[in-house]
Amino acid sequence: MTKVMGLTGDEAVAQAAKQSNVDVVAAYPITPQTIIVERFSEYVHNGEVDTEFVCVESEHSAMSACIGASLTGARVFTATSSQGLALMHEMMYIASGLRLPIVMAVANRALSAPINIHGDHSDMMGSRDCGWVQVYAENVQEAYDWTIQSFKIAEDHDVLLPVSVNLDGFILTHSTEDVGTLEDEEVAKFLPPRKPLYDIDPEKPVSVGALCLPDYYFEFKRQQAEAMKNIPRAMRRVNTEYEALTGRKYGALDALEMEDAEAGILCLGSTAGTARFVAKELRERGKRVGVVKLWLYRPFPTKEIVDAIKGLRALVVLDRACSFGAPYGAVCSDIVSALSQSGAKLNVLNGIYGLGGRDITPSDIEAIFNEALRIAETGIVEEPVKFIGVRE
Amino acid sequence: MVRLSELPTEDLLAPGHRLCAGCGAAMIAKMTLKAVRGPTVVVSSTGCIEVATTIYPYTSWRTSWVHVAFENAAAVAAGIESAYKALTKKGSWDKRVDVIALCGDGGTFDIGIQALSGALERGHDFLYICYDNEAYMNTGIQRSGATPHGASTTTSPAGTKVPGKPEWKKDLAGICAAHGIDYVATASPAYWNDYITKVRKGIEVNGPAVIHVLSPCPLGWRHDPSESVKMARLAVQTRYFPVYEIEKGKYRLNINPKPLPVDEFLKPQGRFRHLFRPEFMKEVEEIQGWVDENWNRITKLCETG
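So the protein sequences, as listed, match chains A and B. Letter by letter, the first sequence follows residues 1 to 392 in our numbering. Letter by letter, the second sequence follows residues 1 to 305 in our numbering.
No lab work stands behind these hints: they were computed from the structure. Where hints are given, some of them may not hold.
What the hints assert, rightly or not - Below, in silico cross-link-like pairs of lysine-lysine (DSS-like), each with a Cα-Cα straight-line distance of 27 Å or less:
no., chain 1, residue 1, chain 2, residue 2
1, A, 204, B, 90
2, A, 195, B, 95
3, A, 345, A, 229
4, A, 204, B, 201
5, A, 204, B, 89
6, B, 30, A, 204
7, B, 201, A, 195
8, A, 204, A, 310
9, B, 89, A, 189
Since the structure is predicted, the reported quantities are computational estimates derived from the model, not experimental observations.
Construct the complete structure from the given sequences, taking the supplied hints into account.
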């Protein structure tokens, strides 16, 4: 039974974590994530959950405590943003290296300097090689849905990897939307308590975090790479089961109007909503444009993406982060690699946009589509990377 | 005070680890595990104990052992303790598990002090033991906040102008006690029954407890490996390392030696050898002054209770 609640992105994530029956939350406040931990603290102090909430003294300790807690076999959740995520960086590699199914909401926010509290993807893009699964929500409903699904994906014994649920700072974290929520019992049935494959019960002693020299380290990393490969299958199982429960369909990506499109935009997060709105308008004016929204960024769903975009004549990849000195932004680099790997030929333009919360408007998107249509017609990409909406 | 005959014959730290001959930390780890009362998880920060006891695929630990990183053993221990608490509350766990963090001075005095302070303030039920060999021995003897004044390390070398480390050692027990926790103690492995008794006490305390134990390091202190226990004893006998405990804010002196001059502790160690050159002799006097002042400060606290 769906119950519609008016929730901000942060509140929806807190609600989802509460219903997911987490055992331990260890977190530290940072804008624009703070409401998640505030709501969760209220649940704890009002006796609505029996979760242990560890109000740590830094994000580094937040992830450290999550690692310790997860080792016992407990279900563990945390949330952070920006500088907090950067401070966790070291621990993120350890969480994935120890194969711990921690779920973390990331309220995506720009990184200092200069300091800025608004939304962009610089924080998570800086963590893209940490071995964490990354999913991105377009709206508050998706943030709620992905949080619940992420525990099930992370805890799958073929996976055992941490998952980050990304939601755009302020745009989603602080916007109230109608959210279809599940009943507690429905979530409990969908997501039974975690069954750990290994734990640190001293009566069956194990040593965790041993020193691995050149004779063994590489094999651990090779297995980690293999675990990433198991995600699409595990995710499909979870998405299918969740769809049966909610009627809401999820996957690695969402393609809109792509069947006969000539020009397309590919992006992550809330910008997909604006892009879809503009694409529909342009379609009404007879322009063959489409949108690909990536839900899953790590592992990169290469095949699905290539299948979705290979019929295009021009693609604009939008990156809400700057990879300084690189040929493209992070997402576009991956897209170009995927195309190269598949042998598909496609004109690609990379748009770097929205840094530090700079708004991207429907008219910006329309201009991008028009540029893409021009490239589709002429086959000429004048400059491979464009900064969109910036004073130059 | 425990008696030898009361100690378990079982060793939870298996022989064959790769710690140096005469390593104080090895003795401390072994004695620590003699004091456990049941299922125990040990958390180590990166350091000598970690690298030398768990070279994959081998381990010396016959109880569960966790290493995550250098600066966060207290936070990891806090996570483990909280998780068992939550699982117990939910009825999915029915064993009492004690959590002991066993960390070096670098991981405690310096890089790990924030995580330690946070965990003490939050009141997690765990015992934190700092085995203090007074420098970053695992990376090759660099100075830490625990290195004593005058000691020569690779980053505070005995130069022609500067005779070793210019700064003085941090008061770890005082810092921990300032958190208002129920149990803080110092110890020396030369007094094994005092140490083991304290470990058990620290485990039994409800809430956080800290033990600061001096850990001779033949490699870094530059003394003969056969003399580690002697060094640990001389540190106490010269009053260089007072052995006391702070229970619920009350200080109690555990060992009150007839004092030997601090030279007796400094002279046999290569790290202090340069201080006995004529141009640096005043450093020895300064160290003696620090020792006396520190002793007076602590004994005064013990008198007032």
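We went through each hint and held it up to the structure:
Taken as a hint, the residue 204/A and residue 90/B pair is honoured in the structure, with Cα atoms around 22 Å apart against an allowance of 27 Å. Restraint check for residue 195/A and residue 95/B: the C-alpha separation of about 18 Å stays at or below 27 Å, so the hint holds. Distance check on the hinted pair: residue 345/A and residue 229/A sit about 25 Å apart at the alpha-carbon level, within 27 Å; holds. Restraint check for residue 204/A and residue 201/B: the C-alpha separation of about 25 Å stays at or below 27 Å, so the hint holds.
Restraint check for residue 204/A and residue 89/B: satisfied, since their Cα atoms lie roughly 22 Å apart, inside the 27 Å limit. Straight-line distance between C-alpha atoms of residue 30/B and residue 204/A comes to about 20 Å, which keeps the hinted pair within the 27 Å bound. At roughly 35 Å between alpha-carbon atoms, residue 201/B and residue 195/A are farther apart than 27 Å, so this suggested pair is violated. Only pairs whose Cα atoms come within 27 Å are accepted, and residue 204/A paired with residue 310/A is rejected, the gap being roughly 52 Å.
Straight-line distance between C-alpha atoms of residue 89/B and residue 189/A comes to about 20 Å, which keeps the hinted pair within the 27 Å bound.
In this structure, the hints that do not hold are numbers 7 and 8, in rising order.
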